[in-house]
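Participant: Okay, here's what each chain looks like letter by letter:
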Amino acid sequence: DAGVTQSPTHLIKTRGQHVTLRCSPISGHKSVSWYQQVLGQGPQFIFQYYEKEERGRGNFPDRFSARQFPNYSSELNVNALLLGDSALYLCASSLRRGVHTDTQYFGPGTRLTVL
Amino acid sequence: DQQVKQNSPSLSVQEGRISILNCDYTNSMFDYFLWYKKYPAEGPTFLISISSIKDKNEDGRFTVFLNKSAKHLSLHIVPSQPGDSAVYFCAAPGNQGGKLIFGQGTELSVKP
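Respectively, the protein sequence lines represent chains A and B. Going by our numbering, the first sequence opens with residue 1, and the numbers climb by one from there. Going by our numbering, the second sequence opens with residue 1001, and the numbers climb by one from there.
If you're looking for bench data, these hints aren't it; they were derived computationally from the structure. Incorrect hints may have been included.
Stated by the list, open to error - With a straight-line Cα cutoff of 20 Å, these simulated SDA-like cross-link-like pairs (lysine to any residue) come out:
1. B:K1037 / A:D102
2. B:K1005 / B:T1045
3. B:K1056 / A:G3
4. B:K1054 / A:T101
Isolated chain B (complex conformation) (with noise of 0.2 Å):
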């Protein structure tokens, strides 16, 4: 049972241009997501979150939009550089304290 949903597993994106992720989830009660970036030989590192009484919240170059009717939350990333390669998780708390529910994660890759 797959709560949260990544279907694109790979994103190839110019330098300069707009990358959108895109993160689907089917249980309503989640009320807080979050985005995780990863890098090769590294673990995930933080990357941004919201809250469900939200429907945007932003940090620099990203922002991240939530649409609580379609369960739908995306990340935008602008401009985006080559450094933003990476695979990229969108995450929500489960209800066991200390769980996080992963999608199956969406390989950003920025060419110069």
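For reference, chain A alone in the conformation it holds in the complex (with noise of 0.2 Å):
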């Protein structure tokens, strides 16, 4: 079975710009979350979305937005760039949403730099 995969691998965009990140869970698992990891600290929690609604929101402006399609797959929209976005985005998905056994699985991630 194919675990979770994200696209684009690497990306550079300039500041001011748009971006979209994609995600692709794991085949039956209906709940997907987006982390931002910067340098040196851990994966930030963005959003949570299970059955194409948004669940679960952190800290972070709204700029940020995401949605989920009828598949479960998932795409992160950040608008008007800024230097700190750049960052390490890890997508994650499990079976169910809220259960804290269900273990969240990560893609590897998208490496987004904004210059």
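Reassemble the complex: the two chains are provided individually, in unrelated frames, and hints are given to aid placement.
Facilitator: Below, the structure is given as structure tokens:
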């Protein structure tokens, strides 16, 4: 079975631009969460989507948005990019929503560099 | 507000010896904890977890200990192997479904 996949692997953008990152969860998983990891820190929660609806949101500005599609894949959109948005963006999938013992499985991430 | 803290950014251990990675938390409502391992250019991989109703959970070479009164957990790796060299994160589920709160990570280096 394929794990969580993310695209693209790397991305370079300039300040003010917009970016879309994509994630495909493990087959059968309905929950997708997005995290931002900056160098030297642990991943920070951005969003959770379950059954195509936003179920949780971290402390990120409105420039960050996401959606989930009927096949449970997801997109993360970031508008008006800032230098501080440079980070590794991780997607994680799990079977259900809100069940602590449901392991979150992470994709390899998308490395975003904002110049 | 860092609810999960790993105060040691790095740890170096000789192959075959024990590695002990530490994690502290501030929220007494946390009832489940996880450890993830991360290699460069890969996403975090789930390693082991523990429920707050237990004080120890073991899986092969990996054991996690939980001390609720001290709000402290630790991951023991015995014996350590060079392939264990990675960044280790402890995490706890937040109050929103699907949210994990991570510590800053500890980079473990196991030297042959």
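Participant: Tell me if the straight-line CA distance from B:K1037 to A:D102 falls inside 20 Å.
Facilitator: holds, 17 Å
Participant: Does B:K1056 pair with A:G3 here, judged by a C-alpha cut-off of 20 Å?
Facilitator: Roughly 29 Å separates the two Cα atoms, so the pair is violated.
Participant: Is the hinted pair B:K1054 and A:T101 satisfied, with a Cα-Cα distance of at most 20 Å?
Facilitator: holds, 14 Å
Participant: Can you confirm whether the C-alpha distance between B:K1005 and B:T1045 stays at or below 20 Å?
Facilitator: Answer holds: B:K1005 to B:T1045 is near 19 Å, not above 20 Å.
Violation of the numbered hints given earlier is confined to hint 3; every other hint is satisfied by the structure.
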